[in-house]
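Let chain A serve as the given structure and place chain B with the ligand on it in line with the hints.
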Amino acid sequence: MTTTTKDHAELADIFNKDEERVDWHDETLWWIRAKRDKSVHQLPEWEALREAASNIKFNVLSNLDTYLTAFEAAAKANGITVHWAADAQEHNQIVHGLLTENKVTQMVKSKSMLTEECHLNDYLATHGIEVIDSDLGERIVQLAGEAPSHIVLPCIHKKKEEIGDLFHMYLGTPSNMSDPQFLTETARGSLRETFLTRKVALTGVNFAVAETGEFVVCTNEGNADMGAHLADVHIACMGIEKLIPKREHLGVFLRLLTRSATGQPITTYSSHFSKPRAGQQMHLVLVDNGRSVQLGRKDFRNSLKCIRCGACMNTCPVYRRSGGHSYHTAVAGPIGSILAPNLDMKKYADLPFASTLCGSCSNVCPVKIDIHDQLYKWRQVLVKEGYAPTGKKIAMQVMAATLASPTLYHAAGKMGRATIKYAPFAVNNKLNPWYKQRDMPESPKESFGEWYGKNRSKK
Amino acid sequence: MTVGLFIPCYVDQFYPGAAIATLQLLEKLGVNVVYPPNQTCCGQPMANSGFEHLTGGCNRLFIDNFSGFDYIVSPSGSCVLHIREHLHDDKRPAEAKEVSHKVWELTSFLTDVLKVESLPSRFPHKVGVHQSCHGQRGLHLSSMTELVAPSFSKPGSLLNMVKDLELIELDRKDECCGFGGTFCVAEEAVSAKMGKDRVADHLKHGAEYITGADMSCLMHMEGILKRQGSKVKVLHIAEILNSEG
Ligand code: SF4
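Heads up: the sequence lines are chains A and B, in that order.
The numbers in the numbering used here rise by one with no breaks, and the one at position 437 of the first sequence is 419.
The numbers in the numbering used here rise by one with no breaks, and the one at position 158 of the second sequence is 397.
Extracted from the complex, chain A is given alone in its bound form (with noise of 0.2 Å):
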């Protein structure tokens, strides 16, 4: 709805130019939520662990200035020098001191969504330090010049083909090359000598503990472990919302988080960082970047409780039609819907309409977030902040008043039936977005209320 960007149904119209690609896009993503029906169908207590998440996570965000504060005390008394960032340009600063304080120019980076959101990559491109990404899929998107278009799949949007022409490009495989075994490998080989040589590894966080000041890094190939035990220096930033109270409470997450990603029972890879090894430093940057507001709003104060799976992306009808990049945020799909407009009402007005409310997403959603329900509130906020084109607010009013008069409904009903009876060519032309693909339904010579005064009212 801003001038410069594409909308998400614009975006998504050139998505399904290519039906093909729509269908393997959707089946991919699918044959994933399956597997995630799948591995939770094996545990009789998936909706009590739900239950259980989500009121850990509820307990965290009614008190996370305590939490925070006996994070920080405890990290710090580990080793760990703790910053805070108020906001994404804050912590692309902090980032970018902590390289420039170590006289480095080049950085590997494992998956962290957080930096995603607060477009590091592109800030340190600009300050002349190189990062290169170690996750798989990232690398790939990294290579491509895209961002990635799902928050656990990066480049699930990619062919295997596309992949192969990439490497071809950038890390001088032969052309032609799509067999997954040789693409991985020769990604292993590149990957494999940028961790030999990085003195800086950037990671994401999982789950911070607030009792024992550690935090936790979940990965299914090992590369924010290869980054972090190989660089002097480990920087690893996290949104503020991602703590949990207690250890034991990790049980709890690490058994929910990959089984609704992909229905694996456990990442490969979830490691405790809990103090630089000698010589290391070790930091932690704090990042608020509008989480707080979020905190504020009573009505989508719970999207805070996202652990970040992507379930609600796999599930969602209309991600798997329309793409990740459709959603022009850093977190598509239903859970990126309910959190962008908080970050920017007008950039992201067009999101929460992107959805059906079929509600799929607030069910997979392994901590209970009201997903749906939060998209159909985000949409009376908008509206009622001046968000709505003017077209559909006059259409809305017009609708509204006819609604509320059945001598007004009545007769417009028979003018409609009459239209489409008498003058197809009115409402079957191109102009009308339900009829470039489906038809009108027929109109009936009279409406059930027609039918039934003749019929019954004077039984």
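Everything labelled a hint here was simulated from the structure, so no lab data went into it.
Be aware that one or more of the hints could be misleading.
[As the list claims (entries may be wrong)] Pulled a few chain B residues facing chain A out of the computed Cβ check, cut under 10 Å:
1. P255
2. C372
3. D413
4. T421
5. D436
6. K465
[Said to hold, decoys possible] SDA-like mimics (lysine to any residue), calculated; alpha carbons at most 25 Å apart, straight line:
7. A/K359 x B/D329
8. A/K418 x B/Y448
9. A/K350 x B/G445
10. A/K17 x B/K330
11. A/K20 x B/S392
12. A/K359 x B/E447
13. B/K412 x A/E2
14. B/K267 x A/K359
15. B/K472 x A/Y358
16. B/K330 x A/Y358
17. B/K465 x A/K287
18. A/K58 x A/A70
By construction, the Cβ of each residue, glycine as well, lies at the ideal position given by its N, Cα and C atoms.
Same frame as chain A, now just chain B with the ligand:
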């Protein structure tokens, strides 16, 4: 027991057959049904578009029309869900609340209130059931594939009472058809693609009819079937349950 028949605007205007079948079916089951002639719409099209604040008129009208009944029954899960969740009136809050608690979607009214155990109907065809999202996830008309919970289906159990009817299995049991109210035009590309995929699942498994408890989803799929020149028809579940074919 007197039941107020709530026929949503688009059913009234475009699918009188579904409404007539609902009425006849309830009468057949011995219910005293009254259709208040001044009803229009539940207000959902405005509310789901973010204009809930414009639904005051619809809400008042709905309460005026329906506050006197023991139950309010409607052949549309989506509209029922909207009334259940969003009907309000600042001047008459108690009445609004009472009305919103009395409203029932047809199939759940049949299974949960009337506790219907058999039907005199016959429909000798292969039928696919479309679980509409608002009915299924909102009103819990059937179990949902995402949840770890026992499986059930209120529409399914009713259809199983129909003689000679064969229910088909789908690959994706409860995927959305993409209608979504104004979503169907605002997000035309995705909406139509979702509808095509939904229809394809039914066709793949040999459906002769697609049915469901929500006429709006069926209208969407009908639009696609017709455009494809398919012979497969949509029928509201009331029409099948009422059929003596
Ligand atoms: S909202 Fe829920 S389902 Fe979606 S990514 Fe977050 S935790 Fe996962």
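So, going through the hints one by one against the coordinates:
1. Evaluation of the B/P255 hint against chain A yields a held restraint, the C-beta minimum of about 4 Å falling below 10 Å.
2. Taking 10 Å as the C-beta cut-off, the interface hint given for B/C372 holds, the closest approach to chain A being about 4 Å.
3. A cut of 10 Å between beta carbons decides the hint on B/D413: the least distance to chain A is about 8 Å, and the hint holds.
4. Because the smallest distance between the Cβ of B/T421 and any Cβ of chain A comes to about 8 Å, under 10 Å, the interface hint for this residue holds.
5. Using the Cβ-Cβ criterion of 10 Å, the hint placing B/D436 at the interface with chain A is satisfied: the shortest such distance is roughly 7 Å.
6. Taken as an interface hint, B/K465 checks out: its beta carbon lies about 4 Å from the nearest beta carbon of chain A, inside 10 Å.
7. Distance check on the hinted pair: A/K359 and B/D329 sit about 19 Å apart at the alpha-carbon level, within 25 Å; holds.
8. For a cut-off of 25 Å, the pair hint linking A/K418 to B/Y448 stands: about 24 Å separates their Cα positions.
9. Only pairs whose Cα atoms come within 25 Å are accepted, and A/K350 paired with B/G445 is rejected, the gap being roughly 37 Å.
10. Restraint check for A/K17 and B/K330: the C-alpha separation of about 50 Å exceeds 25 Å, so the hint is violated.
11. In summary, the hint linking A/K20 to B/S392 is supported, as the alpha carbons are separated by about 20 Å, within the 25 Å threshold.
12. Restraint check for A/K359 and B/E447: not satisfied, since their Cα atoms lie roughly 39 Å apart, outside the 25 Å limit.
13. Under the criterion of a C-alpha separation no larger than 25 Å, the hint pairing B/K412 with A/E2 is consistent with the structure, at around 22 Å.
14. Proximity of B/K267 to A/K359 is assessed by CA-CA distance (about 41 Å); at most 25 Å being required, the pair is judged violated.
15. A C-alpha spacing of about 32 Å is found between B/K472 and A/Y358, which places the hinted pair above 25 Å, so the restraint is violated.
16. Using a Cα cut-off of 25 Å, the hinted pair B/K330 and A/Y358 holds, with the two alpha carbons roughly 24 Å apart.
17. Of the pairs offered as hints, the one joining B/K465 and A/K287 is violated, with about 44 Å between alpha carbons and a cut-off of 25 Å exceeded.
18. Annotation: proposed proximity of A/K58 to A/A70 holds, straight-line Cα distance about 23 Å (limit 25 Å).
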